Each structure stands twice: as C-alpha cells, then as structure tokens.
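Here our numbering is used: the first residue of the sequence shown is 0, the next is one more, and so on.
It is possible that part of the hints are untrue.
[What the hints assert, rightly or not] Result set (SDA-like, lysine to any residue): computed pairs, CA atoms no more than 20 Å apart in a straight line:
{"hint": "1", "residue 1": "15", "residue 2": "160"}
{"hint": "2", "residue 1": "101", "residue 2": "86"}
{"hint": "3", "residue 1": "15", "residue 2": "153"}
No lab work stands behind these hints, which were simulated from the structure alone. Remember, predicted model here, so these are calculated numbers, not experimental data.
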Amino acid sequence: MIFLQAFLHSIKLPRKKAIFKLNRIGMDITIIYMFILLLLVSIPSLIEQLTVTEGQSADLNFIFMLIYFFMFYYLPMTIIVFLMLSLIAYIATIIAKGMRRKLHFSILWKMSAYTTTIPFILYSVIALLFPVSDMFLLLSLIYTIVLLIMIISVYPKRKVKA
0 MIFLQAFLHS IKLPRKKAIF KLNRIGMDIT IIYMFILLLL VSIPSLIEQL TVTEGQSADL
60 NFIFMLIYFF MFYYLPMTII VFLMLSLIAY IATIIAKGMR RKLHFSILWK MSAYTTTIPF
120 ILYSVIALLF PVSDMFLLLS LIYTIVLLIM IISVYPKRKV KA
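Take these sequences, add in the hints, and give me the full structure.
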C-alpha cells in the first residue's frame, strides 16, 4: 500500500502536498521502491533477451537466462542508477545552497529518486513498442533536474542570522 501511495505522490510532483507526503516516507521504502521501478524498467530488455533465437543466449535454459539477465543487466543497471541519483542529489545540494534553502543530501536523494518515476514508466512503455534512443536519457536527466529545482523552491529559505 505504501508503494502505491509513493507512486501516486511521485506522479503528482512538484505539488507541495506531494513533496511533503513523499518527504515523510522512509529511505528504506524509497530504496525498495526504486528496486521495483528498475525491475519494471528492465522488463522490455528481459523480453528481448528471452525472445532472441540466435547467439549464445538462445541456447541457455530459462533459469540460466534469468540468472544471466539479473547478473549482467539488472545489477549493473541498478548500481549505475543509484550512482546517478547520488550525483544528481549532490548537484541539487549545490543548487539548494545557491537558492539558500535548508535541505540535506538525504532529502534531495529521496526526491531525485521519486522524480524519476515518470521517465522510467514512460521508458518502459515506449521500449515495449519501439527502440528507444539515448536521447531519452538526456531528456530524462533534464526533466529530473528541472523538477528538483521546482521542488527545492517549495522549501523555505534559510533565515539570515543577525
């Protein structure tokens, strides 16, 4: 139930109510949510690998195919996405300091994870129907950063000490 709420609130971003609801969700739920979202993103590639009829992977058993897919596609993709989310959150902390907002890296990491929901869902749907170019990654990155800037602007400014 909490994952459904997280999904629904992440679609409503950058609304103020959705931001503060997502902010109350724990980091453990956010990480599990990202694993589920990345599993959904990897479905088109899994289907492509299972339907291939030639090459080395065509001769593999179904179970070995799933193990191969998990080890050489899902795991590296997950590591890369988590590293990119950390980089985006680090960039967002610099932006937040420039905007004089009182935000920590952990909050911005969580928000950057939730801002990727729409691009990931969109990618999954498009990749099932058509091949997706690398330009989609750039557009997703721009979307995520713009959405994070909008989210950062919702938080109050730091008070200046006299």
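Hint by hint, here is what the structure shows:
For the hint pairing residue 15 with residue 160, the CA-to-CA distance comes to about 27 Å; that exceeds 20 Å, so the pair is violated. Taken as a hint, the residue 101 and residue 86 pair is honoured in the structure, with Cα atoms around 19 Å apart against an allowance of 20 Å. With a CA separation close to 7 Å, the supplied pair residue 15 and residue 153 stays within the 20 Å bound.
Going down the numbered hints, you'll see the structure goes against just number 1.
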